[in-house]
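Fit chain B to the supplied structure of chain A, relying on the hints for placement.
There are 2 protein chains.
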Amino acid sequence: MGRDIKFYCTGCGKSYRIDLLRHRCGACNEPLEVEEIKQGKIREGSAINQSMLERYADFFPFLDIEQNNSLGEGFTPIVESKKLAKDLCIQKLYFKNESQNPTWSFKDRGTAAGVAHALQLGYKRIGTASTGNMATSVAAYGAKANLETFIFVSKGIAVEKLKPIAIYHPHLIKVEGDYGNLYFESLRIGEENEIYFINSDVPLRVEGSKTVAFEICEQLNFRMPDYVIVPTSAGGNIRGIEKGFREFFTCGLIDEIPKILCAQASGCSPIFNAYHKRAEKISRVENPNTIAHAIENPYPPSGNRVLKMIRENKGTAVAVSDEEIIKAQAMLAEEGIFGQPASAVPLAAAKKLREENYIKADETVVCVVTGSGLKYTAALERHQLDVKECNLEELSSFIKDRF
Amino acid sequence: MGRDIKFYCTGCGKSYRIDLLRHRCGACNEPLEVEEIKQGKIREGSAINQSMLERYADFFPFLDIEQNNSLGEGFTPIVESKKLAKDLCIQKLYFKNESQNPTWSFKDRGTAAGVAHALQLGYKRIGTASTGNMATSVAAYGAKANLETFIFVSKGIAVEKLKPIAIYHPHLIKVEGDYGNLYFESLRIGEENEIYFINSDVPLRVEGSKTVAFEICEQLNFRMPDYVIVPTSAGGNIRGIEKGFREFFTCGLIDEIPKILCAQASGCSPIFNAYHKRAEKISRVENPNTIAHAIENPYPPSGNRVLKMIRENKGTAVAVSDEEIIKAQAMLAEEGIFGQPASAVPLAAAKKLREENYIKADETVVCVVTGSGLKYTAALERHQLDVKECNLEELSSFIKDRF
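The listed protein sequences derive, respectively, from chains A and B.
Residue numbers for the first sequence follow our numbering, beginning at 1 and rising by one.
Residue numbers for the second sequence follow our numbering, beginning at 1 and rising by one.
Read the hints as simulated data drawn from the structure, not as lab findings.
Predicted model only: the values in this text are computed from it and were never measured.
The beta-carbon is built from N, C-alpha and C at its ideal position, and this holds for glycine as well.
Please note that the accuracy of each hint is not assured.
Unchecked claim - Negatives, chain B to chain A, calculated, CB over 10 Å:
| no. | residue |
| --- | --- |
| 1 | CYS12 |
| 2 | ALA27 |
| 3 | SER46 |
| 4 | TYR123 |
| 5 | GLU393 |
Claimed, not checked - Partial list, derived from the structure: chain B residues whose beta carbon lies under 7 Å from chain A:
| no. | residue |
| --- | --- |
| 6 | LEU71 |
| 7 | GLN100 |
| 8 | HIS169 |
| 9 | ILE173 |
| 10 | LYS174 |
| 11 | GLU218 |
| 12 | MET331 |
| 13 | ALA333 |
| 14 | GLU335 |
| 15 | GLY336 |
| 16 | LEU380 |
| 17 | LEU385 |
| 18 | LYS388 |
| 19 | LEU395 |
As the list claims (entries may be wrong) - Think about it this way: if two alpha-carbon atoms lie no more than 20 Å apart in a straight line, the pair counts; the simulated EDC-like pairs of lysine to aspartate or glutamate are:
| no. | chain 1 | residue 1 | chain 2 | residue 2 |
| --- | --- | --- | --- | --- |
| 20 | A | LYS174 | B | GLU35 |
| 21 | A | LYS82 | B | GLU66 |
| 22 | A | LYS351 | A | ASP362 |
| 23 | B | LYS83 | A | GLU148 |
| 24 | B | LYS174 | A | ASP401 |
| 25 | B | LYS352 | B | GLU389 |
| 26 | A | LYS6 | A | GLU191 |
| 27 | B | LYS41 | B | GLU30 |
| 28 | A | LYS161 | B | ASP386 |
| 29 | B | LYS6 | B | GLU35 |
| 30 | A | LYS155 | B | GLU389 |
| 31 | B | LYS92 | A | ASP362 |
| 32 | A | LYS400 | B | ASP386 |
| 33 | B | LYS155 | A | GLU389 |
| 34 | A | LYS161 | B | GLU389 |
| 35 | B | LYS163 | A | GLU66 |
| 36 | B | LYS86 | B | GLU356 |
| 37 | B | LYS388 | A | GLU185 |
| 38 | B | LYS351 | B | ASP322 |
| 39 | A | LYS124 | B | GLU191 |
Pulled out of the complex, with its shape left as it was, chain A reads as follows (with noise of 0.2 Å):
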């Protein structure tokens, strides 16, 4: 049955065949998006033997499971951080901690499910323009399963970012020019020669995160939260976790669905600044700045489709400064998590919603954090750290004297 699915446009509506390698509209270049799954269930099974594809398997009629190359994406724990609800004054707070994926951050959902459609539609060459997470995670996949796997950097990327990537042995090509305009022509080169490029918001990646959303309603036991606060660059991974939540819903497992908050940082917030301004589409962001680098996305290419969402959907858009990045991702590891700064976003916006009123003292909050701290360790320059010294000899007095 799943093979009569089709991706439709987000833009114009027109739909197309799900059995051929296309990512966006042809008539109005808007993101593709595989149609809304209206019948599934959780295939019960101890997640210590199954994948998450599996265990969704109903809502991923058009793949074929057995294909996948998994490298134990998904499953990730959700932390209640009681002490961080006090303080911002708030019912329930939640961190569904992405980092503890097989390349550390959310990237590896989406990944498995374009591996998995790629081998399906006969590719054996996968591609991606990213300097981050996405490079990384497709790098780790394409080797996984043995595939060509074809990496497009920036050209003034930092050695340090380039050779996490590199480790995974991808055919790995610096490219100078404008770092937008590469991301559509990487997917041009991908359709001319049978490159199946998983770029950050093409439909296989937000099949993906799907199973985000999927996982806070099990491990919420199905009482959904009023808010899930997603920090959004290109908008692939917010887009999936909508999709998630609405199928659930239209599947009838959940009652209701969260409102979903797309949070951008202060330097680099295209889609906040539509949203806030009333635009129906979004505007390039001159000269981005942020520490927050995982979501420094000028031009996201699902940016209209994300405002036009959270519209719909009745949640909101929100920006944070450097400083309040920073300020969180220290309330965050007080609470044993150490994510990297976009990750420290939701809690960010979380803090400034409340502080504003719009979050009410009755409300239970999801943040998503979507990558592992030990991705960027150079943001810890900005962090007061506290180091004592002593010598052995003393060290005995020093405790007593001192603790």
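Same frame as chain A, but now just chain B:
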């Protein structure tokens, strides 16, 4: 019932109460161990809603699991590599990927168990002496449980190692003096100052590591591999893994116990040295030197116990050079797993033992990947990494012509 369980000394057999803080034997100074659990079964449940300590609660009858401040440790994937099994010419090869824990190493299992025990005994302060994975883990769990947390590191620690510990805001103290003595001195200071030190091989850390074995049993559907290879430093992890298999065997959950192989780096291999000299006790390694810093312990506090254990288990000890480690790290990455150098030691060991025909062509091996490659990116300097360059305008023809 669990409260009648005792610690016993792994050296002289003397028994101790489990409800008092004690890590080593007062008579012979060898490490204590929780007595073997003789009755237990797996508490089935969806791992998506279950913590590791809950699932295996029967094997922790001395812990109040509800006190557990879980960050979502354990339930890490096991990844099969058909490609590398073929290259090595063995039946099956698996990687147990511990880098998907909350602080990206296996240490979190033992820390979770240690913190639960500390809380149960009424402690409000915990600590550890470490420069690496364990310091990060104890700092994170201490933050989560809202405990005062003491981390002792050696004076010469590099600042890039210090900051990912400091971000969790423990009392972080650089100590000048012999690092080996710091281990024992910290335990003593802990007893005097009501600080529960969760050092590398304390009994509860060993208990936490049992779950690695439990999960391997479940993930392989209770069909036992011939070998489990563990990178070994202080000795706590390998002891826990062996104890886990032993308890599942005693409880009738498995029919045989795999051989446990102790893998070390040639530049610091005190257990390997003693094993092959047929010595009864380990000797301190002078001038340890290996890229696998996470297992660079010149005088492992559980060394004698591990030596005895691998003899009883009929396993062996093996040591591999830095060159072999770097090569194995690259091989592992080509399977999509980026482990820190110490984590590549088991694969290097498997390769070596296969070449020596110790491991046979029809046998099955599990390698424990202990921590994320992001923990020590300096190792990437040792890899040949291939990067190409191109202009955006020429990218299309570059791809067409070259690939």
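Hint by hint, here is what the structure shows:
1. Here CYS12 (chain B) stays apart from chain A, with its beta-carbon at least about 27 Å from theirs, past the 10 Å limit.
2. Against the 10 Å criterion, ALA27 (chain B) stays outside the reach of chain A, whose nearest CB is about 23 Å from its own CB.
3. With a least beta-carbon separation of about 6 Å from chain A, SER46 (chain B) fails to lie farther than 10 Å from that chain, contradicting its non-interface assignment.
4. Remark: the non-interface label on TYR123 (chain B) is consistent with the geometry, its nearest Cβ contact in chain A lying 13 Å away (cut-off 10 Å).
5. Residue-level check failed: GLU393 (chain B) sits 7 Å from the nearest beta carbon of chain A, not beyond 10 Å.
6. With its C-beta approaching chain A no nearer than about 5 Å, LEU71 (chain B) sits inside the 7 Å limit, and its interface hint holds.
7. Here the hint on GLN100 (chain B) is kept, as its CB sits about 5 Å from the closest CB of chain A, short of 7 Å.
8. The interface hint given for HIS169 (chain B) is met, as the beta carbon of that residue sits about 6 Å from the closest beta carbon of chain A, less than 7 Å.
9. Restraint check, ILE173 (chain B) versus chain A: the minimum CB separation of about 5 Å is within 7 Å; hint holds.
10. Hint status for LYS174 (chain B): holds, given a least beta-carbon distance of 5 Å to chain A, under 7 Å.
11. Satisfaction of the interface hint for GLU218 (chain B) is found here, the shortest Cβ-Cβ separation to chain A being roughly 5 Å, below the 7 Å cut-off.
12. Of the supplied interface hints, the one on MET331 (chain B) is violated, with its beta-carbon coming no nearer than about 10 Å to a beta-carbon of chain A, more than 7 Å.
13. Annotation: ALA333 (chain B) was flagged as interfacial toward chain A, and the flag holds, the nearest CB pair being 5 Å apart, inside 7 Å.
14. Taking 7 Å as the C-beta cut-off, the interface hint given for GLU335 (chain B) holds, the closest approach to chain A being about 6 Å.
15. The criterion of a C-beta within 7 Å of any C-beta in chain A is met by GLY336 (chain B), whose closest approach is roughly 3 Å, and the hint holds.
16. At its closest, the beta carbon of LEU380 (chain B) sits 4 Å from a beta carbon of chain A; the interface hint therefore holds under the 7 Å criterion.
17. For LEU385 (chain B), the interface hint holds, the least distance from its beta-carbon to any beta-carbon of chain A being 4 Å, beneath 7 Å.
18. Interface restraint check: LYS388 (chain B) against chain A, minimum CB-CB distance 5 Å, threshold 7 Å, status holds.
19. Because the smallest distance between the Cβ of LEU395 (chain B) and any Cβ of chain A comes to about 6 Å, under 7 Å, the interface hint for this residue holds.
20. Restraint check for LYS174 (chain A) and GLU35 (chain B): not satisfied, since their Cα atoms lie roughly 57 Å apart, outside the 20 Å limit.
21. About 15 Å separates the Cα atoms of LYS82 (chain A) and GLU66 (chain B), which keeps this hinted pair within 20 Å; it holds.
22. A hinted pair counts as satisfied when its Cα atoms are at most 20 Å apart, and LYS351 (chain A) with ASP362 (chain A) qualifies at roughly 14 Å.
23. With a C-alpha separation of about 15 Å, the suggested pair LYS83 (chain B) and GLU148 (chain A) falls inside the 20 Å cut-off, and the hint holds.
24. Taken as a hint, the LYS174 (chain B) and ASP401 (chain A) pair is honoured in the structure, with Cα atoms around 17 Å apart against an allowance of 20 Å.
25. Restraint check for LYS352 (chain B) and GLU389 (chain B): not satisfied, since their Cα atoms lie roughly 37 Å apart, outside the 20 Å limit.
26. A threshold of 20 Å between alpha carbons decides the hint, and for LYS6 (chain A) with GLU191 (chain A) the separation of about 19 Å falls inside it, so the pair holds.
27. For the proposed pair LYS41 (chain B) and GLU30 (chain B), the alpha carbon gap of about 30 Å is over 20 Å, so the pair is violated.
28. Between LYS161 (chain A) and ASP386 (chain B), the direct Cα distance comes to roughly 14 Å. Compliance with the 20 Å bound is thereby established for this hinted pair.
29. Only pairs whose Cα atoms come within 20 Å are accepted, and LYS6 (chain B) paired with GLU35 (chain B) is accepted, the gap being roughly 6 Å.
30. For the given pair, LYS155 (chain A) sits about 8 Å from GLU389 (chain B) by alpha-carbon distance, which is consistent with the 20 Å threshold.
31. Our distance criterion of 20 Å between C-alpha atoms is broken by LYS92 (chain B) and ASP362 (chain A), whose separation comes to about 53 Å.
32. A distance of roughly 54 Å separates the Cα atoms of LYS400 (chain A) and ASP386 (chain B); the hinted pair therefore is violated under the 20 Å criterion.
33. Proximity of LYS155 (chain B) to GLU389 (chain A) is assessed by CA-CA distance (about 8 Å); at most 20 Å being required, the pair is judged to hold.
34. Distance check on the hinted pair: LYS161 (chain A) and GLU389 (chain B) sit about 16 Å apart at the alpha-carbon level, within 20 Å; holds.
35. Distance hint between LYS163 (chain B) and GLU66 (chain A) is unfulfilled; the C-alpha atoms sit about 42 Å from each other, more than 20 Å.
36. A hinted pair counts as satisfied when its Cα atoms are at most 20 Å apart, and LYS86 (chain B) with GLU356 (chain B) qualifies at roughly 17 Å.
37. In summary, the hint linking LYS388 (chain B) to GLU185 (chain A) is supported, as the alpha carbons are separated by about 18 Å, within the 20 Å threshold.
38. A distance of roughly 14 Å separates the Cα atoms of LYS351 (chain B) and ASP322 (chain B); the hinted pair therefore holds under the 20 Å criterion.
39. Taken as a hint, the LYS124 (chain A) and GLU191 (chain B) pair is broken in the structure, with Cα atoms around 60 Å apart against an allowance of 20 Å.
Violated hints for the displayed structure, listed by number in ascending order: 3, 5, 12, 20, 25, 27, 31, 32, 35, 39.
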